[in-house]
Amino acid sequence: MSESAPRTASVIGGGSWGTALAHILGTHGYETLLWMRDEDTVREVNEERTNRRYLGDAPIDPHVEATSDLARSATHAELILVVVPSKAFRQVANALGDHVVGDQILVSATKGLQEDGMKRMSQILREETCCRKVGALSGPNLAKEVLDGHPTSTVVASPFEEVIEKAERMLSGPRFRLYGNFDIVGVELAGALKNIYAIAGGVAAGLGFAANTQSALITRGLAEMCRFGKRFGADPATFQGLAGVGDMIATCTSTLSRNHTVGRLLAGGGKLEDIVESLGMVAEGVETTRVVHHYARRERIYMPIAEAVHRMLFEGATPESALTTLMERASRYEDLDSLIHTGPVAGDSVVESARLAALNRRLE
Amino acid sequence: MRNEIRDAVVTEVESRILEACLRQAELPGGLPLDVLVNDTLYHEKKRLELHPQAPGRDDDLAFWGHVKSRLGNAGGPELRRLLQEIIDRFVREVLGNFSDAVYRLSTSVLPRTLPVLLNAMSPQRLLSKGMPDLSDTIRIEGDIEGLRRCERLGTVILTPTHVSNLDSVVIGWALYAMGLKPFTFGAGLNLFANPLLSFFMRNLGAYRVDRTKTAPLYKDVLKEYATVTLEMGQSQLFFPGGTRARSGFIEQHLKLGLLSSGIHAYINNLVRGRARPRVYVVPCTTSYEVVLEGETLIEDHLKLVGKSRYIITDDESFRPKQVMRFFRSVLAMDGRIVLRIADPLDVFGNRVDAEGESIDARGRRVDISRYVLDDTGRPAHVPQRDRVYVREVGAAVARAFREHNVVLATNLVAFTLFEHLKARHPTMDLYRLLRTGGDGTGVEMGVFAERVRAVAVAARELADAGELHVTDAVAEGNPARLVGSALRHYGSYHRNPVITRRGDRVFAGDMNLLYYYHNRLAGYGLEAAAVADSREVA
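Sequence lines, in order, name chains Z and G. Under this note's numbering, the letters of the first sequence match residues 197 to 560, in that order. Under this note's numbering, the letters of the second sequence match residues 47 to 584, in that order.
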């Protein structure tokens, strides 16, 4: 932006992950503005250095200043991380659009999809602001663990090398390692979709199932994510990385994950509305399930686990019945793309067709 | 291009390329000059072997033979001289034999010659109706004012869809009709060999692009030539589809070469502090009721993937009689060629407002110079970043192509019949369907008319939503009139009927052409409207 390269950063959204990211930037010496709506929390962060609602007593670095002034946050730094719930994302992005300029970098760290048009968060940033250099941050990053200093890695994705480099330079530290990826579509879809399987993992845990079940869920969930991602322009290899299987393992197995919690409570017989109410924060997986289910239907993408989660969340199915349907499905093959033909191939070989017919007659 | 500009362009392009050659040779991993010359020599030798009929081959052989003999024991200064000579040869070849006189003439020659030419082809019409007014035949619509404005405020890259070799002629005339200065454009060397088109190519301000030349240095020269002329304020015509769309589909995989020249020219203009630094990209579409080269193009497309010819030198546009037949048809039918100008974009794909300023998707003004600042806050070329920008403006152009596609009766009727046949033979793959034409029983006219009406309604709904455009006839949606008009158009030009009507049934004629005219509407989700429910299919 300018020759002296000021050590500043902004984070839009003062939830658990937004606060944790601001804290990381603060510990790296960046004067970080953390934007949030709630004035009481602004005061709490600035005076007591905590954000209790989301992160308990974990102390927040003194380089972080909370503010409710969006214009100031938008013009404070070259790099802006946007970490607001997907439902509010467009509105906040639009407001940001009044202040940002074309050489600023916007990176979304929200894992979700907008219901209308299945827009990814970085797409919304593109649509609502003049900024071109947008990116997405996604990976196995449970905010509480990151704040407690547990070592972990994450992915920053953007078509722009510059975005990856800057985010890497500013966020990487001894306990937080960043990898770059040009496949922003894959990284964002992976981050959003894994929440569906986190709910499923929670249900399984709530029903008392252990390692075998979780492993099956993660592996088959990954296959669904790949199918879905491929259809919408992602590179299937991305799902095998940190943003895909990496994040899946973390959220499907950790009790810290909100989506996992939703699943667990669901298995205990809780009602969705009550669970969401009691959580006090947003579980993105609920909305994502709705969106993904809709598009999987429309595009005829085979996603039985996502379908089962949808039935539990929105169609009143009990966890037991959803499980039964899952286990009794007709499909028997792991990889649908590389089947060796089992039936007659229309118009291919009359001899083959005749052989098959003869065999069927014999079996009858 | 005026002579003094021409000389300036030659000097500028040559010095930039030479400087780049020298600078990269200094870099770790850069190509040493002797390797660079050798590599270019290799590509040229290979080309001359592969293309024994290439124009100027003997001269080229002599030149490259000379290069080879000098290269052997060339030291630093000699290498530099060799390189300079090669670059100079490439640059002058690209420029061709432009002359000030021809250029000035071109602004007035084309508009007068084209109608005369058309008349010569249609003496009956001349006798009965007098001189034709091309504006009856070529309809220009869309954001004409926007194009004029951009040309006033900066330099324009006009990016049309590419359907026919006549595109550049049609657009050349249209630019004149809109009161704009001629645009230069790169035309394949093969077009200069076309008996009809070479006349226009020379007069429209075309420069030569030899697509058989594969040497990276030659491609650099082409790109830099385009960049320099844009910087000098010369607007350009650029077909991002590369070659004519063989399949008839609206082009979606674009070649981005000249679009990158747009960004580079813009950055160079900023760096040099030019008064009018802006470069605009204005997409447009050309739509023909019947396409001159339709038969050859689709035939080429349907050949096994990878075997299609990149450069065709024997299609309909190279046969004067065929061209005559085409024009006769177009004129006789009050035929429609529609040139539709899309909304102007900046070189990053943003829309621009009435004052030529870029705006974001929400209509807020954008200072686009900030897109190209480097870490020190100065405008600069950053290759990876600029490649992403080019991809994005390419996507914006592809979007504009789809949205400004104009649905004509011939497309709509072919689309309906083809989709209908496809649905009726779900087990046939495309090639079998094209070969057999289905079961040959045709479709009952009443059923067909109903489907045509349904597709017209669906197309109109898409048009209302801004997803494509329709002609008045399609908007009106009278199926009898649409089918009648399409059949008349096909019949007036194509020797093999595309669709025939016998009794109360319509039949597919030339399946390849049916498929070709159909393809222009593929991918809009209109298929459902074309396919009747099961009762009607039977």
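In short, the hints are calculated from the structure, not lab data. Hints should not be assumed to be uniformly reliable.
[Claimed, not checked] Below, a list of computed lysine to aspartate or glutamate pairs in the EDC-like style, where the Cα atoms sit at most 20 Å apart:
hint	chain 1	residue 1	chain 2	residue 2
1	G	Lys91	G	Asp104
2	G	Lys349	G	Asp475
3	Z	Lys315	G	Asp406
4	G	Lys301	G	Glu438
5	G	Lys468	G	Glu490
6	Z	Lys315	G	Glu438
7	Z	Lys315	G	Glu513
Everything numeric in this text was worked out from a predicted model, so none of it was measured.
Hinted pair Z:Lys315 and G:Glu438, Cα distance within 20 Å: Measuring from Cα to Cα gives roughly 17 Å; hence the hint holds.
Hinted pair G:Lys91 and G:Asp104, Cα distance within 20 Å: 12 Å, holds
Pair hint outcome, Z:Lys315 versus G:Asp406 [Cα-Cα no greater than 20 Å]: 18 Å, holds
Given hint G:Glu490 paired with G:Lys468 - CA-CA distance at most 20 Å: Given pair G:Lys468, G:Glu490 holds - Cα atoms ~16 Å apart, limit 20 Å.
Satisfaction of hint between G:Glu513 and Z:Lys315, Cα-Cα up to 20 Å: 19 Å, holds
Proposed proximity, G:Glu438 with G:Lys301 (alpha carbon, max 20 Å): With Cα atoms ~12 Å apart, G:Lys301 and G:Glu438 stay inside 20 Å; holds.
Pair hint G:Lys349 and G:Asp475, alpha-carbon separation not exceeding 20 Å: OK: G:Lys349 and G:Asp475 at ~15 Å, within 20 Å.
Checked against the numbered hints listed earlier, the structure breaks none of them; every hint is satisfied.
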